[in-house]
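Asker: Chain by chain, the residues:
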Amino acid sequence: MNYSKLDSRKIKDIFAKRAMFFLCLCILSLTLFIAVGLWHKSAAIFSLVSLKSVIFSTAWRPFSGQFGLGGFIIGTFWVTAIAMLISIPLSVLTAIYLSEYAGRRLRNISEPIIDLLAGISPVVYGVWGVIAIVPLVRNWLMPFFSRRLPFFPFASDNFTGFSVLSAGIVLAVMTFPIIISISKEALKTVPLEIREASLALGATKWQTIKYAVLKKAWPGIIAAVILGLSRAFGETMAVLMVAGCAIGVIPKSIFDAGYPLPALIANTYGEMMSVPLYDAAILLAAFMLLTVTTLFNVIGWGVLLHIHAKES
Amino acid sequence: MKPHISTKNLSVWYGEHHVLNNISIDIPDKKITVIIGPSGCGKTTLLKSFNRLIELQDGVKISGKVLLDGEDIYDPSCDITHLRKKMGLLFQKPQVLPMSIYENVAYGLRIHGTKDKEELDYSVEHYLKEASLWNEVKDRLNTSAWKLSIGQQQRLCLARGMAIEPEVILGDEPTAALDPISAERIEQRFLGLKNKYSIVLVTHILRQARRLADYVIFLYFGNLIEHGPAEAVFNHPKDPRTQAYIDGRFFEEHTS
Amino acid sequence: MAKKYFDKRNTEEAVFKCLMVLSIFIVAVSLISILATVLVKGIGALNIAMLTKTPEGGYYLGKTGGILNAILGSVILGVGATLMSLVISLPVVCYLNLYLKKNSRFALLVRFSLDVLWGVPSIVYGAFGFAAMLFLGLKASLLSGTVTVALLITPIMARSMDEIIRIIPFELKEAAYALGSTRLETAFKIIFKQAQPAILAATLVAFGRGIGDAACVLFTAGFTDSLPYSLFKPVATLPLAIFFQLGTPFPEVQKRGYAAALILTLLILTVSLSARFLSKRFTEHLLK
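Protein chains in written order, with this note's numbering: chain A, 1 to 312; chain B, 313 to 568; chain C, 569 to 856.
So here's chain A without its partners, still in its complex pose (with noise of 0.2 angstroms):
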């Protein structure tokens, strides 16, 4: 009596079972798929030109079969760079600042809003890059430094104020909520004993901060840097907008107009599909924005996975 009977119950456990396993395996093989799927599609570049000159070749001539990435991909690294060199001290700080200092109000207020930043579309930041960022750049930042300091990185003879800076600027205020709410979860999860010890022995709350309680979150705002990293290398149409794009400049100062990779797959892809391997050039960037999101990504999921086991 005990013994099994199938009945219908048991026929939907199991065949559910069967097909939910079946979707967790299709989302396993997502990135695979992705990847394999850019890849093959890219490889065909290669019966033309070498993956080292596409990556270090600045020529990027099409109509004459020239794929030299390295323009685009120097603008994707100036453009992140800036972006990250604004956001890390602010997000780190207000970080910091949140989880230490502020009151239950401020708290309580914060992170509605951070949810908020997070969720605006990127086509709005654009927006905002045209209208508020680009004019700061054009008539108070770039008059302003390239006049007093006429050196690198800043002399530049672009006076639009569509530039890398710009975006920079742009693509750091659209990685704070990323950077401030993981780092603020690896605060939170340093005990409070650890700081009533540093205290208790009369260190001051900073240098409690600084020798104690950093000393114990540093991983987990590492990879929350890594994240945000990865969130501006891979961000697109605002960058678009407010970069500048202009095909064969190669920024040289933060006040030059750049192209980043994922801007140049947005512009292009699906129009010039006469040119032959034209896609399989933009596949191969594409191609590559994956590769160097994934791995970052993985570096920074698995240092925090990496803390969660421990604790637990």
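Watch out, some of these pointers could steer you wrong.
In silico lysine-lysine, DSSO-like type, Cα no more than 27 angstroms apart, as pairs [unchecked claim]:
1. B:K506 to B:K441
2. C:K848 to A:K188
3. C:K707 to A:K12
4. A:K216 to A:K205
5. B:K427 to C:K576
6. C:K669 to A:K12
7. B:K314 to B:K342
8. B:K429 to C:K757
9. C:K761 to A:K17
10. B:K508 to B:K314
11. B:K429 to B:K508
12. B:K429 to A:K12
13. B:K373 to C:K670
14. B:K314 to B:K459
15. B:K398 to C:K848
16. C:K576 to A:K216
17. C:K576 to A:K210
18. B:K441 to B:K320
19. A:K215 to C:K585
20. B:K405 to C:K761
21. B:K398 to C:K669
22. B:K398 to B:K429
23. B:K405 to C:K848
No lab work stands behind these hints, which were simulated from the structure alone. This one's a predicted model, so the numbers in the text were calculated from it and none came from an experiment.
Using the hints provided, position chains B and C relative to the given structure of chain A.
Answerer: Chains B and C alone, transformed into the frame defined by chain A:
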């Protein structure tokens, strides 16, 4: 005495931790059996091995047999949902399901195939009365079960457990989270129900064990020390460790 | 009582505190400035025609009409993608939490790939989606856009639901099993019901991310002046309405872009605040 549940050389490990060591025991039919012992000695594990809920724990290993009416419940061909239907379980903290009072009792019936509305109405009323909760909730059967007091919630869980018509009621310190009056009412219910069900309770309150038990099992760090009719175990324990525990002294075992 | 004197460590503390307050100030100012920009530009552009008409004379050149095509398109595409993603996320989350043991390697692997997929830039999804469409011989359409956006938001939805289901007390699961429920019944009748507000919140967040994203629909959904009427025809979306219409030199057309930005931001604001409200209700309920 006909055993309802019996274990044969039951051992349980959580990972490397040996929780139950070679337990062989018979649980009598239609009696209240109380499992006592110091905390962390495997009482709950023993209870949950009766309806295979311990399998949900991580890294659990089980050896030996648990027989229900002579059939091994760890046999691969045993239908686990059917087995659990035969055992009502009460937890330390009442776990009401996220639905109305009515639906809490009807849930078990529904999943086991009752669809008829009248039959459901009848059963809900019947089992709420059995759990002596009916009079308090009959006007608000459709409100959320969260709104009941904790004592009422525990009686609702009892009604819910009985509604699936089990043969055994398992209670894991079912009065531990309740106030004395609610606890008293639950105890009264157990005494009233014992001619219909075999009841197995885990408790750490010795007075409660004395009040309720027909049969007592004493566990000590995963070992079965003593078991027998309540009268005998409480008044003439054979093992000094049992004596120490029911006298309220902790027995210091000197292991070499 | 020890006198508070101005030594080095107090100075250091004061300096860093200043820096922190300054950082918070900058973060807050950026947000306010974004909202103010969208609001000021958008309100000036908003009127009834904007909400009830499609662009007249082409979205890039026509100087009258509104953005109803993009509003409707975005909502339909967003809802479609969210439903599709829900159909994938719920079973996956159910499998991870009820069918697998707590420290299962497979569960860890799936969670990890969801985290990694979360970080894949939307332009990569867009490019991949377009390459796949070319392979299958499909054109930019509502259907392809919806599928691509569903891929983009599934990791977000699945992972946020997973985090929620994990904190539901183990005893509730046990109680359901003790009544003889199968795992499937436990998931859909008990656990998901208990977590309902939080699941809804996760769904809303994913919806917000889905309708806000442009890079993903740029190639896959296309753009059109007409209202969405077929799964197999291109569809207009708010983010692209902003992007394309701000790119023109005509102030009248740009106005449509600003109006779209305002509407999109208001939509996301509502969605994000209701999600917050719902998950707060869930935790209060749970901690009771």
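Asker: Against each hint, give a clear statement of whether it holds in the structure.
Answerer: Hint check:
no., hint, verdict
1, B:K506 to B:K441, "holds, 16 angstroms"
2, C:K848 to A:K188, "holds, 19 angstroms"
3, C:K707 to A:K12, "violated, 38 angstroms"
4, A:K216 to A:K205, "holds, 15 angstroms"
5, B:K427 to C:K576, "violated, 77 angstroms"
6, C:K669 to A:K12, "holds, 20 angstroms"
7, B:K314 to B:K342, "holds, 10 angstroms"
8, B:K429 to C:K757, "holds, 19 angstroms"
9, C:K761 to A:K17, "holds, 20 angstroms"
10, B:K508 to B:K314, "holds, 15 angstroms"
11, B:K429 to B:K508, "holds, 26 angstroms"
12, B:K429 to A:K12, "holds, 24 angstroms"
13, B:K373 to C:K670, "holds, 15 angstroms"
14, B:K314 to B:K459, "violated, 42 angstroms"
15, B:K398 to C:K848, "violated, 38 angstroms"
16, C:K576 to A:K216, "holds, 24 angstroms"
17, C:K576 to A:K210, "holds, 15 angstroms"
18, B:K441 to B:K320, "violated, 37 angstroms"
19, A:K215 to C:K585, "holds, 19 angstroms"
20, B:K405 to C:K761, "holds, 20 angstroms"
21, B:K398 to C:K669, "holds, 25 angstroms"
22, B:K398 to B:K429, "holds, 23 angstroms"
23, B:K405 to C:K848, "holds, 24 angstroms"
Hints 3, 5, 14, 15 and 18, counting from the list given before, are not met by this structure.
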